[in-house]
Amino acid sequence: MGFKQKVMEKKIAIIDCNNFYVSCERLMNPISIGKPTVVLSNNDGCVIARSQEAKDLGIKMGDPYFTQKDFMNKHGFCVYSSNYNLYGDISDRVFSVIKKYSLNVEVYSIDESFVDFSNINFENLKDVLEKIKFEVKRQVGIPVSIGVGPNKTLAKLTSYMAKQDKTYNGLCSFWDIVNFRNLLYSVDVSDVWGIGRKWSKKMKSFGIESVGQFVNTSDGLVQQLTNINGLRTKYELLGSYCFHVQLKPKLKKNLTSSRSFGQDINSLDQISEAMYNYIKSGVKKLNQNKMATTTATIFLSGNTHKDQNHSKSKTITFDKSMNDEIEIWSQISKHLEDMYSNLKTYKKCGVTFHNLVPQNVIQNTLFPSNFEKLIPPINKQKKWEMKQEFKSQKFTTSWNELPLVFS
DNA sequence: TCTGGGGTCCTAGGACCC
DNA sequence: TCTGGGGTCCTAGGACCC
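Quick note on numbering: this note's numbering labels position 266 of the first sequence as 288, and the sequence is numbered without any gaps.
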């Protein structure tokens, strides 16, 4: 055992689907099995999921598709546009298998969950985790990796190790690792959950390269280089429990609708039309959640890949809660005009709704609204629309349409 | 020519109130 | 009229995650 076991020590697992979007596409398109395979973001812009074969050929996360297209053609890649309906369905199936083994599940993202197994004995822990891994693969067809440790950060770190070192066979326990503290000197600080690109770059300029060096950095310097959560991350790496497993899903706090434009644009008409459409789809999401909003933030930004880092945002508070796109547009359009400059070009815009309230508590104002409803902008050349060339034609509308998998 | 979208949290600074 | 500090709230921006 790496550490002496503490009283009340928790056992937190992370269960993580391998190359999730690629694994989903392979269920629907078995022809891609064994071939290098990638899934592209919206606009078919960049790579957001890679099969092992694609990783081995040097394709990186976030690589722009247009820079790799020829290479991929040459090497017989299977390329898919993202299909979130499919991934959502398969995600539900994965979680329902996991929940047969524990109810202490936090669904952390579409392909990951934290599970609190503190009530299970150490003798049985690995068996249960092995069983879950086996059953998710057998029943849903999705391979998973599992890391387990005394907190979320160490679970993530061991799951990372399980993926790096094939001898773990996809399951790594913190309590099986000998000399854990020494091992931390061979792990790059940027591989820690919670330490991103900016922070790790900052740390490296202070000579902090490895996780071992990070946990030996003074609290003061850690907080200076990051923030309070960076300090919590340090304490979790040392064995404390700071980031709690969230068993009850929290209510949605805000909701965003935004897109990059198909090309850079500078016409206010075009931007207005795009913004109106994002408001419309945001309102659709509000209605699906039976929510309304009292506050919106609109934002407008340039093409960061062309050093056009200008970005503006504006928060607007309404005089009542709203869920009507034309009313919301009426409150927002003048602010969009203020933010816009005809001397700049723009690549992206969008809207976030905050202060979401249930629709059944909407109070209609006693007096008629005193703002005029503006006619929404429509029927322009839609330069802002996105493209999607490789979308799989198959959608799952019920579980029965998915192929059954037995292994 | 073409480089994702959505979510949460934290911080600094300003406005406002007492 | 002049004086000031502390608390709270809001916003814009910037981190992080997937």
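Take these hints with a grain of salt, some might be off.
The calculated lysine-lysine pairs, modelled on DSSO-like cross-linking and capped at a C-alpha distance of 27 Å, are [what the hints assert, rightly or not]: (1) LYS121 / LYS153; (2) LYS220 / LYS302; (3) LYS302 / LYS82; (4) LYS275 / LYS223; (5) LYS275 / LYS328; (6) LYS275 / LYS336.
To be clear, the hints were calculated from the coordinates, so they are not data collected in a lab.
Quick one, are LYS275 and LYS328 close enough, alpha carbons at most 27 Å? violated (33 Å)
Given hint LYS153 paired with LYS121 - CA-CA distance at most 27 Å: Between LYS121 and LYS153 the Cα gap is close to 13 Å, so the pair holds against 27 Å.
Measure nothing beyond the straight line between the CA atoms of LYS275 and LYS223; if it is 27 Å or shorter, mark the hint as holding. violated (31 Å)
Run the distance test for LYS220 versus LYS302: straight-line Cα separation, threshold 27 Å. violated (34 Å)
For a C-alpha distance cap of 27 Å, please report whether LYS275 and LYS336 respect it. Between LYS275 and LYS336 the Cα gap is close to 18 Å, so the pair holds against 27 Å.
Verify the proposed pairing of LYS302 with LYS82, using a straight-line Cα cut of 27 Å. violated (34 Å)
Hints 2, 3, 4, 5 from the list above are not met by this structure, while the remaining hints are.
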